[in-house]
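Participant: Those protein sequences? They're chains A and B, same order as listed. Per this note's numbering, the first sequence starts with residue 56, numbered consecutively. Per this note's numbering, the second sequence starts with residue 966, numbered consecutively.
To be clear, the hints were calculated from the coordinates, so they are not data collected in a lab. Fair warning: there could be bad hints in the mix.
No farther apart than 30 Å at their CA atoms in a straight line, the calculated lysine-lysine pairs in the DSS-like style are these [what the hints assert, rightly or not]:
(1) A/Lys258 to B/Lys1088
(2) A/Lys179 to A/Lys258
(3) B/Lys1210 to A/Lys174
(4) B/Lys1007 to B/Lys1069
Okay, the calculated bits of chain A under chain B, using three or more residues with CB under 8 Å as the criterion [said to hold, decoys possible]:
(5) 223-231
(6) 252-264
(7) 267-273
(8) 276-290
Glycine residues also receive a C-beta, built at the ideal position from the N, C-alpha and C atoms.
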Amino acid sequence: MSENYTLITGASSGFGKSIAQKLAPGRRLILAGRSDQKLEAVRKSCEAPEKHILWLRDFTRLDGIGAELTSLLAEKNAVVENFVHSAGIISIQYARAIEMASVTQLFNVNVFSAMEIIKPLVQKKVNHGALRSITFISSIAARVGASGYSVYSASKGAVNSLSLSLAVELAPAVRVNAVLPGIVGTEMNTTHFANPEFVEFVKATHPLGFGKPEDVADAVEFLTSDRSRWITGQEIVVDGGRCVFAPPRAVAAN
Amino acid sequence: METCTLITGAASGFGRCVAQRLAPTRKLLLADINAEKLEAVKNSCASPEKHLLWTRDLSRLDGIGEELAGLLTAKNITIEHFIHSAGIFGIQFARANEMEFVTKMFNVNLFSAIEIIRPLTQKRTNKGALRSITLISSLNSRLGAKGYYAYAASKGAVNAYALSLAVELAPAVRVNCVLPSIIETEINQEHFTDPNFIASIKASHPLGLGRPEDIADTVEFLASDRARWITGQEIVVDGGRFASK
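Produce the complete structure using the sequences and hints provided.
Facilitator: Shown next, in the form of structure tokens:
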């Protein structure tokens, strides 16, 4: 008899770590990431660490992702019931100096690796029809423009649209949704948050104040539970009001 | 002074289901036009003796705010969460528009909420207790359908209202909408007796038929601290209808 797991990519830091800690008490987790040490530390910080499995993997490379996951599931006698794609990288790229190699890398992690992971998860011979939900960590960057963010925004827009069509393709067995966080302080942007001007900007543009990784984890927990059993193909924005708010400087410009 | 969750339209449909879901952990103020059904809902809730009733016709706007303010004083309560589930529905064709009915629909679906929120955001009345507003909107605010323009307009108005109110009331109060697709409730029961209608609903909802509990689950989430950084949003609960349209 195989055990049901929730697979979380990008679990060694940021939202992924927070999601792992939030879900650990009620579930068995497969924590995926590229840093052995960090991943192990997250596992130990979770409730019942012995229950959880690690999957060391660099998602900037796509080759073999599906095969690797397939053999991991077979070896551990595991199936994946919920998949949370929190792996993501950001790189500021200006149009005049776009480097295609880093664009590809960014899309590999943010978008394509998820496709490679989902493939075996929806194959009956591999995952035995166990999959129930897919939750992508997207970003409000797919809705709010910012200079230097075009590539990152594009990758998150791709995730949203991927989620939309997958929701239709995989219904009714699997629900597929995206969470779009506002700017939240994580390992990914500590250098930004060291700048008082940036902190002031975030404060001024998020009407509910600063967000926490736990706010994103709360939404993910909801979306991967039966409490959202009739929600699919949706973009859930968790941004402290950022998207609905016209910042004062925009008003002044009018 | 005790703090309550106010639910309008609580005597039936989504409102009743939300009431039953929240009752075990909260004190509720249940509002509806129908006193008898309201009493029955209260008795169906966990610890019925805890909850309060407010019988009120929300299609008339005059005095709503004063009545609510008076009730809060008389019962020595404040409102922490407001869920506007009161709503009426009606088919209207442009060539035969009845303005009186349109007005009535806007009164219940939107304007009554505006009147209710006024005292709830006044410090002398509600002592700054308000934390969240959740408005039950509809997927019809995003999808066109013949005969639905008036209803759709009222729900589109609700969505846009929530958007600006979210900015105005932040950071103390969060404001969000829930947009359900069609779910069987008292409001549309007669349609659900027709097998062809049920078949068409099944065909257009990839996850199958929805239940009022699905809406209550989302409302519970939005009216809790688990949604503490979510405001100004339209949360669609539609079994994949919108994604597959």
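Participant: Which earlier hints can't be squared with this structure?
Facilitator: 2
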